[in-house]
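Colleague: As a plain string of letters, each chain reads:
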Amino acid sequence: MTNPSTAATAVETDEVLRVTDLRTTYQFRGLPVPAVKRFSLSVKPGEIVGLVGESGSGKSTALKSILGMLRPPAQVEAEEIILTGRDLRSLSEEEMRKVRGGEMAMIFQDPINSFNPSWTIGSQFRRVLSLHRPDLERKEYDEEILRLLKGVGIDGRGKLNSYPFQFSQGQLQRIMIAVACASKELKVLLADEPTTSLDVTIEAQVLELLRTLRVERNLSMVLVTHDLSVVAEMCDKVVVMYAGQVVEVADVFNLFESPQHPYTQQLLQAIPGFPHDGERLYAMRGAVPGLATEIQGCWFADRCDSKLGSICDTTPPPLYPVTATGGLAACHRVPDPAIAGGEGKNS
Amino acid sequence: MLRMTVSRLVSAVPVLLLISIVAFTLLRLAPGDPALLSVGLEAPPEALAKARADMRLDDPMWMQYFTWLGDLVRGDLGTSYSDKSPVTQTIADRLPITLQLAVMALFMIIAVGVPLGVISALRANTFVDQVIRVGSLAGISVPNFVVALFLVLIFGWWFPGYMPYQGYTPFGENMVESLRSTLLPAFALAAPQIGLVARLTRSSMLEVMGQEYVSAARAMGVRERVIIWKDTLRNALLPVITVLGVQTGFLLGGSVVVETVFGIPGLGRLLVESFTIRDYPITIGVMMFIAAVFVFVNIVVDLLYGVINPRIRIGYASGKE
Numbered sequence: 001m002t003n004p005s006t007a008a009t010a011v012e013t014d015e016v017l018r019v020t021d022l023r024t025t026y027q028f029r030g031l032p033v034p035a036v037k038r039f040s041l042s043v044k045p046g047e048i049v050g051l052v053g054e055s056g057s058g059k060s061t062a063l064k065s066i067l068g069m070l071r072p073p074a075q076v077e078a079e080e081i082i083l084t085g086r087d088l089r090s091l092s093e094e095e096m097r098k099v100r101g102g103e104m105a106m107i108f109q110d111p112i113n114s115f116n117p118s119w120t121i122g123s124q125f126r127r128v129l130s131l132h133r134p135d136l137e138r139k140e141y142d143e144e145i146l147r148l149l150k151g152v153g154i155d156g157r158g159k160l161n162s163y164p165f166q167f168s169q170g171q172l173q174r175i176m177i178a179v180a181c182a183s184k185e186l187k188v189l190l191a192d193e194p195t196t197s198l199d200v201t202i203e204a205q206v207l208e209l210l211r212t213l214r215v216e217r218n219l220s221m222v223l224v225t226h227d228l229s230v231v232a233e234m235c236d237k238v239v240v241m242y243a244g245q246v247v248e249v250a251d252v253f254n255l256f257e258s259p260q261h262p263y264t265q266q267l268l269q270a271i272p273g274f275p276h277d278g279e280r281l282y283a284m285r286g287a288v289p290g291l292a293t294e295i296q297g298c299w300f301a302d303r304c305d306s307k308l309g310s311i312c313d314t315t316p317p318p319l320y321p322v323t324a325t326g327g328l329a330a331c332h333r334v335p336d337p338a339i340a341g342g343e344g345k346n347s
Numbered sequence: 001m002l003r004m005t006v007s008r009l010v011s012a013v014p015v016l017l018l019i020s021i022v023a024f025t026l027l028r029l030a031p032g033d034p035a036l037l038s039v040g041l042e043a044p045p046e047a048l049a050k051a052r053a054d055m056r057l058d059d060p061m062w063m064q065y066f067t068w069l070g071d072l073v074r075g076d077l078g079t080s081y082s083d084k085s086p087v088t089q090t091i092a093d094r095l096p097i098t099l100q101l102a103v104m105a106l107f108m109i110i111a112v113g114v115p116l117g118v119i120s121a122l123r124a125n126t127f128v129d130q131v132i133r134v135g136s137l138a139g140i141s142v143p144n145f146v147v148a149l150f151l152v153l154i155f156g157w158w159f160p161g162y163m164p165y166q167g168y169t170p171f172g173e174n175m176v177e178s179l180r181s182t183l184l185p186a187f188a189l190a191a192p193q194i195g196l197v198a199r200l201t202r203s204s205m206l207e208v209m210g211q212e213y214v215s216a217a218r219a220m221g222v223r224e225r226v227i228i229w230k231d232t233l234r235n236a237l238l239p240v241i242t243v244l245g246v247q248t249g250f251l252l253g254g255s256v257v258v259e260t261v262f263g264i265p266g267l268g269r270l271l272v273e274s275f276t277i278r279d280y281p282i283t284i285g286v287m288m289f290i291a292a293v294f295v296f297v298n299i300v301v302d303l304l305y306g307v308i309n310p311r312i313r314i315g316y317a318s319g320k321e
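Chains A and B, in that order, give the protein sequences.
If you use this note's numbering, the first sequence corresponds to residues 1 to 347, in order.
If you use this note's numbering, the second sequence corresponds to residues 1 to 321, in order.
If you're looking for bench data, these hints aren't it; they were derived computationally from the structure.
Do not rely on the hints blindly, as some may be mistaken.
[Stated by the list, open to error] List time: in silico DSS-like cross-link candidates among lysine-lysine, alpha-carbon distance up to 25 Å:
no.	chain 1	residue 1	chain 2	residue 2
1	A	139	B	230
2	A	307	A	98
3	A	150	A	184
4	A	98	A	44
5	A	139	A	159
6	A	98	A	159
7	B	230	A	98
8	B	230	A	159
9	A	159	A	184
Note that the structure is predicted; figures quoted are calculated from it, not measured.
Turn these sequences into a full structure, and let the hints guide you.
Modeller: Now the structure itself:
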């Protein structure tokens with residue numbers, strides 16, 4: 001649906017996807033539960049942005065919100081969700097449906113569950129082609145499927161009539177990637193922990209495949225993961241989320257070299273060193289606060305090892321620009337790192 | 001598929017044998033003497049002795065069982081004590097009536113229960129959903145003879161003349177009247193199952209809608225309507241079909257009570273009548289017939305399951321189970 005001119009605009013603005021101030025609220029027993037409270041994201045063409053954070057920090061919800069997949073009573077608000085120059089919030093449901101799997105697609109954590117167990121792989125693939133490949137005749141579908149499967153390293157000949165359970169997890173994730181990339185218009189691939197359920201060798205292969213796709217098709221990706229080593233290996237830029245909010249944005253080098261937010265620092269500290277020195281491993285105390293909790297100040301204050309003082313309990317820190325690295329961090333220490341222990345100066 | 005069919009059929013044999021032993025024994029252990037009932041209390045002892053000998057009641061029970069079983073294997077269920085007609089013929093005469101009742105009830109269960117469940121799931125936790133859930137629960141909780149009695153009360157006493165509430169018009173005689181005459185009994189039979197199926201469909205739909213492949217389909221831009229009817233419903237109906245299979249057996253059993261209340265001369269009524277006069281061949285014949293239908297329907301459901309669920313079908317074809 002997108003004509004080349006809009007794609008060109010996106011390249012000019014140098015952003016393929018921009019999300020500003022996204023808020024997603026679920027309903028639980030009639031009460032609103034904010035799952036994502038403050039989320040912004042900017043993705044350049046061909047860029048891989050990592051999205052990290054503990055379970056329940058709202059990573060998957062943020063992705064699903066961007067793709068417009070949440071149904072009422074879940075509520076999604078945002079200042080803007082701009083994909084290749086178009087604000088997705090202004091699109092009708094029908095137009096949005098064409099964006100999903102067209103310009104933006106998503107792959108999931110558990111490949112075996114991403115396919116309908118009672119349909120053959122071929123029929124599920126053909127359905128996607130019928131939705132997003134108007135350029136193809138029906139009889140050309142199978143040929144195209146084989147070509148796409150070959151692109152992800154799977155020889156699909158004679159296997160199109162097989163059912164999902166007849167493939168391995170790694171194969172299925174490859175097939176899923178092929179399905180997600182079926183559209184020629186695809187600009188952004190949202191990957192929700194795509195390798196979490198795979199063993200390490202298969203994980204390496206799938207990550208390699210994603211990297212190849214990025215190069216070959218200039219595809220942008222948002223990669224949700226728990227695994228900081230995947231981040232280090234794959235991503236250009238990292239967004240760290242905590243309790244539904246972005247707490248730090250940095251390019252991947254700076255994130256590991258000089259993490260600004262205490263949460264990021266403590267996450268990195270929790271990675272066991274090798275060879276291990278025999279010391280007790282560092283573990284972050286406490287747990288992510290419940291989504292329905294009311295917190296006045298910084299959401300991380302209770303678990304923070306470098307808390308400043310009462311300002312952390314009373315004033316929520318905005319995302320401050322970090323001058324040294326060009327990133328962002330939501331911590332009161334950022335404006336003036338020298339004030340450790342001081343109070344009230346920035347409030 | 002053939003392999004699966006054969007293996008299921010073979011496994012049905014021991015089940016039916018066991019049922020026949022239990023049913024036969026229980027029937028003989030129940031108090032009451034068919035010979036005495038047939039000749040009457042005033043009859044001379046010789047007549048009673050002759051009747052006993054005719055009915056082979058003097059043989060030891062195991063011998064009676066094997067005689068009966070031997071006949072059964074040859075397709076002979078014996079003759080009725082009361083009117084001397086072959087049991088198979090009597091069952092064949094009554095079967096269409098009960099079948100008409102059961103098919104109608106099954107149709108109501110599917111046509112009402114499944115859509116109610118789907119609506120309930122799509123409108124989960126709204127007012128509509130609450131109404132359907134409470135209604136279903138009420139349906140499940142009220143036994144079908146209560147429903148039957150209420151229907152008789154409503155259409156026989158409060159609003160007479162709208163619906164036939166007693167007796168049966170044969171299908172061949174007047175098709176419309178025949179269907180009308182079984183409408184109330186079929187509903188009485190179906191009511192609890194409608195509730196059960198609605199609730200099951202609802203929970204099953206909700207479970208499938210939470211599956212990742214539904215999210216995945218949505219993420220690929222599949223139309224919401226298609227997601228609900230093609231992706232979700234087909235998988236959600238698997239457990240519903242299993243339960244429907246079991247319920248079909250209960251429909252035949254339940255017809256015993258409902259046919260009695262509505263005065264429908266079907267198999268259920270036959271069972272009650274024959275048992276009242278201890279007409280052993282008929283009673284055991286009907287019981288075995290119902291049991292066989294029950295087992296057979298479950299086999300069909302198993303096979304259907306295979307058609308719907310490729311995992312089972314292909315698992316069998318490649319020799320692993």
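Colleague: Please go over all the hints and tell whether each is borne out by the structure.
Modeller: Each hint, compared with the structure:
no., hint, in the structure
1, 139/A <-> 230/B, "23 Å, holds"
2, 307/A <-> 98/A, "47 Å, violated"
3, 150/A <-> 184/A, "16 Å, holds"
4, 98/A <-> 44/A, "22 Å, holds"
5, 139/A <-> 159/A, "17 Å, holds"
6, 98/A <-> 159/A, "28 Å, violated"
7, 230/B <-> 98/A, "19 Å, holds"
8, 230/B <-> 159/A, "22 Å, holds"
9, 159/A <-> 184/A, "24 Å, holds"
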